[in-house]
Each structure stands twice: as C-alpha cells, then as structure tokens.
Amino acid sequence: MRIFDPHIHMSSRTTDDYERMRASGVTALVEPSFWLGQPRTSAASFVDHFDALLGWEPYRAAQYGIAHHCALALNPKEANDPRCTPILKELPRYLEKDSVVAVGEIGYDSITPAEDEALAAQLELAARHGLPALVHTPHRDKLAGLERTLAVLAESELPPERVVLDHLNETTVDRAADSGCWLAFSVYPDTKMDEARTVAVLRRLGLDRMLVNSAADWGKSDPLKTRKVGDAMLAAGFGEDDVDRVLWRNPVEFYGLSGRLDLGERERPELFEGNSIARGAPAGR
Amino acid sequence: MLTDPDLTPEGRAWLDGVAGAEGWETAFTAAGRHVGRDHADAARVELLRVARPDAETLTRLYQRGDAAERRAVLLALPELPLGPEALPLVEDALRANDARLIAAALGPYAARHLDQHLWRHAVLKCVFIGVPIHEVAGLADRADIELARMARDFAAERAAAGRPVPDDVRHILSLVPDFPPVQEA
Chain A
999 MRIFDPHIHM SSRTTDDYER MRASGVTALV EPSFWLGQPR TSAASFVDHF DALLGWEPYR
1059 AAQYGIAHHC ALALNPKEAN DPRCTPILKE LPRYLEKDSV VAVGEIGYDS ITPAEDEALA
1119 AQLELAARHG LPALVHTPHR DKLAGLERTL AVLAESELPP ERVVLDHLNE TTVDRAADSG
1179 CWLAFSVYPD TKMDEARTVA VLRRLGLDRM LVNSAADWGK SDPLKTRKVG DAMLAAGFGE
1239 DDVDRVLWRN PVEFYGLSGR LDLGERERPE LFEGNSIARG APAGR
Chain B
22 MLTDPDLTPE GRAWLDGVAG AEGWETAFTA AGRHVGRDHA DAARVELLRV ARPDAETLTR
82 LYQRGDAAER RAVLLALPEL PLGPEALPLV EDALRANDAR LIAAALGPYA ARHLDQHLWR
142 HAVLKCVFIG VPIHEVAGLA DRADIELARM ARDFAAERAA AGRPVPDDVR HILSLVPDFP
202 PVQEA
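Just so you know, the protein sequences line up as chains A and B, in that order.
Offset between the first sequence (1-based) and the numbering used here: plus 998.
Offset between the second sequence (1-based) and the numbering used here: plus 21.
If we strip away everything but chain B, and leave its shape as in the complex, we get (with noise of 0.2 Å):
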C-alpha cells in the first residue's frame, strides 16, 4: 500500500478534510500544490482509496487527467475493489512512450488481470525503453518460454548493431531456466 509518512502537518490536514468529502475529484487534479508535488502520487492514491470509485469514474479521471494524474490512478488499481474493468487504462499506459506510466501500469494489477500476450510486451517494452524490470510485479511468476524467446531475439538485434545488451535480458533469461542462453557478439 502508497502511503506517505512525509506529509507535512498542513498538507495532512488538507487531504484529510478533502478526502472522500464532496468535490474530492478536484482535489485530486489540485493535489500537488497541497502536499507538494512529490507526495502527490500517494495523496492522490490515498484519496481514490477512501473514494473508491468505480471503474467508469477511474476512467474519466484517466482520460482527462495530466501524466501525473494518470500515474495515480495506475497505481491505485491493486488497492482498489476492481475486477479486470479497468484494464483499458492499463493496455492504454502501455501504448504510451512515457517511462513513468509504462512503470506504473505494470504494477500488481497488471500482473493480476492482464492478457499473457500484452504482458510479455510489455515486459520487453521495459527492456527496450530503459524501465527496470525490477519494478514489474509478478515477474518471475509469470515469465515463461515465449517472453525468454522474445528478450533472446532483442539481445541479438542488439549484439548484431554492436550495441551493448541490458542486463535486464540476463535477469529475464535466469527465471526460465530450460531456455538457451543468450549468445555474445
């Protein structure tokens, strides 16, 4: 669970007064400037977890929500009384080129309801974009044959352009076991 032990007193009462009270969505969009930008993510996760909105009200937030916004209801997701309803939000994060929202969509939400086939693009999507791999939840329970297959064949694209191969292809490699390894250049 996103919590935040940083808050300062002033922007713990602010979220407190405005969480779950009438016009909350609001303060979601405001959050920052409350609590300070870099405990916005948890104000704003702690403020859908007392709303608990439903997957259409999620949505809307998503849509017409800033990147910063976007990363918030991503990361709510797991803490939130969803079935797999809000998985558009998710495959829509992963068609984007922001490392921070393909990072957040990827989270125990996404390893929960998402397709096998989506979740291995995305895992190679990390690799190919620079996001951690570290940071995708259920990784080693849901790495299989095929993602081992696709993390070999971008380590020799990139062996045969003479550029270096992340370790991430490595990390992905050592949880399927029966899987060749990858050939150096």
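In isolation and in its complexed conformation, chain A is listed as follows (with noise of 0.2 Å):
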C-alpha cells in the first residue's frame, strides 16, 4: 500500500513516528504550517518554523525515505494577533520555495475579521504564486464557519478545484462537495472523524476528489490513521486500486497542480545509521 498524508505535522512528531510511517507505507506527506499548542509572540517565530519545515523536517523525513513538501501560511488562530500578521509580509519570499506546494493551513478559527483578512489575503497569495490552498473548517461552529469560507472563495480568484476543504464530517461534507473544492477528512483517535465513519462516507459519496489524512500533531493523533483507514477500506470490499486512488493518486493530483511537486529518487543523504538523527552506531555491531 503506497501512502501520501497530505496533511501531517511532523516537527510535533519523533523521528520514531517517520520511521513507523515508513514501514506502514507512507513514503510521502505534505505539512501545513501551524501554531506550536501555545500561542507564538512574533512574526520571527513563524520564519523559525517555516525554515524547519523547508529544511530540517525534509533531511529529517529523507532518513527515512519519505519525501516532504510543505504548505505555509498564517495560521487562522494567530491571524487574530498583531504580533504574528506581519509575517504576511514575508510570504511571497516563501512562497516560491521548492518544496512548497499549497498555502496552508488557512480558514477560521473564531470567525473573526481579522480572519476574514487573513483569509482573502493568502487566497490571493495562492492563485498569485500558482498554488493551491489548503482550507481547514473551524473546530467550533463549523457548518457556519464553511458557509463563511465558501463565500471568501467566491470572492477569490482561486478557482474551487484549486482548493481543498479539509476536516470536514457528516455534518458538512455535503455542503462542501457542492462547492466543487476538493474533500479532505482527518482521521483522529477520539475527535474528528475515525476509519469506520470516514469509510462511510467514501461510500456513500465516491472517491473523486477525496483525501484522507491523519493530521497528527502534538495532541493525541496518530500518524498511522492512514493505514488504518486504507485497510479499514479493503475490510469493507473496496478494491487496491480504490485505497491507492484515495491515499496516492488523489493527493498527487491536488499537490501536483502545484507544478513542484517531486516525487522521485529524493536525494538522500549517503548515511543512515551514523548522521545525527541516528546518532551512532548500534552498540557491538
């Protein structure tokens, strides 16, 4: 089973998470920015991140054969802090990254005008710089939130192929699919969706346009859910090729429109036993 999680944040997560991926077939993922669990206290702090996540998580993810991409934005959350907007400023620079293929994580949060803002602003980032964007639906208030996104996408030059719509349920999938956008489900242990009801849904809806991800992060997720909903897929009487649309074609063909995304030989760095994430050799080899 050959694995793309187009949603995963992996400097939350240990070296020994991308090598339990990589033997569960994940060979490639893409990482939104994000907020780091407490709130940040400057635009300085976001450049931190985004060079960990076009630097060190790559060499990172490398070690292990899992080709890493990124997408970068403002987070909704901290769009609401004055201390953090200016980092807007910086994007564009950013945005012409190599391994950047998406602006995201974008959307709402508390459904705020400073959100609006942020919003509309790195829509228009993503259709100026070529790319798509991903849109998370907020945590509260969430079929009122995606009403509000997909009326900030009208108004935006980012055609709805060009965009997904990611942590949706059963409460809103069906608003979103109408949309056009493409359908993005985060498989969490206890919150969100889980294998079962996101298999339903990939049964009652198709498999165009859908991506399922596990968004693991610091809190309690787990960077296999993809696995586990691919296999929850075959228990159900879908077929291989089914699974590998939904967990590899589908996230190509979104991140591909990007025109940078590169999945081939990755350069890997010669070692792997004796650079520093492997630090030393096994003792007694």
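It cannot be assumed that every hint is accurate.
[Claimed, not checked] A few chain A positions that, by computed beta-carbon distances, are all more than 12 Å from chain B:
no.	residue
1	Thr1012
2	Gly1063
3	His1137
4	Leu1148
5	Ala1198
6	Asp1206
7	Asp1240
[To be verified] Residues from chain B that face chain A, not an exhaustive set, calculated with beta carbons under 10 Å:
no.	residue
8	Ala89
9	Gly159
10	Ala161
11	Asp162
12	Arg163
By construction, these hints were calculated from the structure, which means they are not laboratory data.
Every residue, glycine too, gets a C-beta built ideally from N, C-alpha and C.
Two independent chains are provided; combine them into the complex using the hints.
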C-alpha cells in the first residue's frame, strides 16, 4: 500500500514516527504550517517554523525515504494577533520555494474580521504564486464557518478545483461537495473522524476529489491513521486500486497542481545509521 | 569553481537570461524548477558569481533561504570577493544538524577564514555525524596537535562504548605524525 499523507504536522512528531510511517507504507507527505500549541509572540517565530519545514523536516523525512513537502501560511488562530500578522509580508518570498506545494492551512478559527482579512489575502497569494490552498474548517461552529469560507472563496481568484476543504465530517461534507472543492477528512483517535465513519462517507459519496489525512500533531493523534483507513477500506470491500486512488493518486493530483511535487528519487543522505538523527552506530556492531 | 556542463540547452538559456538581470534573487530561489534540482547548486552558484552580492545580500539570501539555497550560498563563498564578513553564515551552518549544510560550510572559505578553535570543532562534528572529512578543505594544512587530541579522545569514547571508531579518526591522526596513536579497544 503506497500512502501520501496530505496533512500531518511532523515538526511535533519524533523520528520514531517517521520510521513507523515508512514501515506502514507512507512515502510522501505534506506538512502544513500551524501554531505551536501555545501562542507565538512574533513574526520571527514563524520564520523559524518555516525554516524547519523547508530544511530540517525534509532532511529528517529523507532519512526514512519519505518525500516531505509543505504548505505555508499564517494560521487562522494567530491571524488575530497583531504581533504575528507581519509574517504576511514575508510570505511571498517563502511561497516561491521548491518544496512549497500549497498555501495552508488557512481558514477560520473564531470567525473574526481579522480572520476574514487573512483568509482573503492568502487566497490571493495562492493564486498569484500558482499554488493550491489547504483550507481547514473551524473546530467550533463548523457549518457556519464553512458557509463563510465558501463565501470568501467565491470572491477570490482561486477556483474551487484548486482548494481543499479539510476536517470535514458528516454534517459538512455534502455542502462542501457542492462547492466543487476537494474534500479532506482528518482521522483522529477520539475527535474529528474515525476510520469507519470515513469509509462510510467514501462509500456514500465516491472517491472523486477525496483526501484522507492523519493531521497528526502535538495532541492526541496517530500518524498511522492513513494506513488504518486503507485497511478499513479493504475490509469494507473496496479494492486495492480504490485505496491507491484515495491514499496516493488523489493527493498527488491535488498537490501536483502546484507543479512542484517531486516524488522521484529524493536526494537521500548517504548515511543512515551514522547521521545526526540516528546518531551513533548500535553498540557491538 | 563549481560549473555544470550537463545543463540542458533550455536550462542554459534560462540561466543566461536571468544571471545578472534584475530579479535574479527570485531566480535564485526558483532555479531548481528551471534547470532541474540536480543542477540547482551549480546554477545558484553561477547566479551569485555573476551578481557578486555583498555580505548583506548574501546574509538575506541565506537567512530567508531553504536548505538548498543556504547550501548554494555556502558553496559560492570562496568564489566571491569577500573577506571574513560572511563568516557568521558559516558558523550558523556549523551549528545545524543537516550534514549537507555542514559539508558545504567547510569549503575553502572556511579553510581561509574560520577561527582555529571553531574549525577543529567543525571537523570533529563531521566525524561525529558522519560527514566524510575528505570534504573538508585544507584539512592537511590546518590539522594540529589539538585536533589530534580531540580525535583520539573521541576514539577512546567510542571504544569504551563498544562502538566502531570511524576511519576518519585514523586519517586525522595520520596528518599529525608527532601525536601518539589511538589505543584500540
């Protein structure tokens, strides 16, 4: 089973996770920029975060044969903090980087005027830099947030086929599907979607434009959820080609809209055991 | 000098068009998408060689660059008309954990300008994380008794842990003939 996790926050995960993901079939992923689990205090903090997503994380991922791309943005939560918003002026330089394949994640958190402004501005940046956009739907007041998101999208230059709406569930997926956007499901241990509910939605609505991600981060989450959905699809009677479509071809097609997806023989540092991550050789070898 | 004879005609034409032109900094970022990522280092170094940016511009390109852009800045340093003013970029790369950046930082520019204490620690870091030290410019000229002592102590630590001693340790010691040999475990 080949797996592309289209939304996972590897900066908050350990090297063991990369190893387990690779063993489960994950060979490509996209890491959207996000908050730290606590508020940032400056735009410079974003610069360090972007640096990690453009340097250290791809390097770590490469040790395990995983192609790491990223999506960059000012996240909705911190769009409300004037100490953070100056990062919007720095974004254009970063959106030109080779491994940036989307603007994201953007969207709404508390659905404020500042979030309106950041969302519209970043949709415009996506259009200007030839990138698709990863738009998350808010955790609270999700359906109202989705409606507001679709209204802002309709006014933007970015067409729906270059937008993915994420964190969807049974209450929002039909409205989202009508928009013509791509549809994504975050599969979590306790919140958001689970494997069985995701499979039920796929059975009801089909596989077209569907993405499944683990959205794993620093909270209770599971970087192997993509694999578990693949297994659940097979158990529910989907074929291997169906699984490949949802877990590989669909994310490749969506992020491929950037023209920057590089899944070929990634540059892989020649040393595996002796490098700076898997530091030192095992004793007695 | 880092040049790339394998550029495709399209890649060559693109590079000739942007080198030295207004907007070359944007081209520096996007170079890999125009000449192919395997040729990106050489293309970026050529852009820098033609533009001859000052240390301030180099610093901006490095600090706002991804790992590949940073590597290109480091690789270009010995080919640019610079004194020691770009050393902070070398020192930044040597604090990183990315082996490719560390290797790129230890070229002829570092050999010429890096302080001896920092240079020794950089060489030992190479041995420690597995960057082959034959990539370190000027190694034979700058290796000294203190570096040999550090390498010998590192070897003793590895031997005490029952782990193999990298061949590069012996190579360092061989460059300092007056120094006592490594005690094998």
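Query raised in the report: Going through the earlier hints one by one, which of them does the structure break, listed in rising order?
Result: The structure breaks hints 9, 10, 11, 12; every other hint is satisfied.
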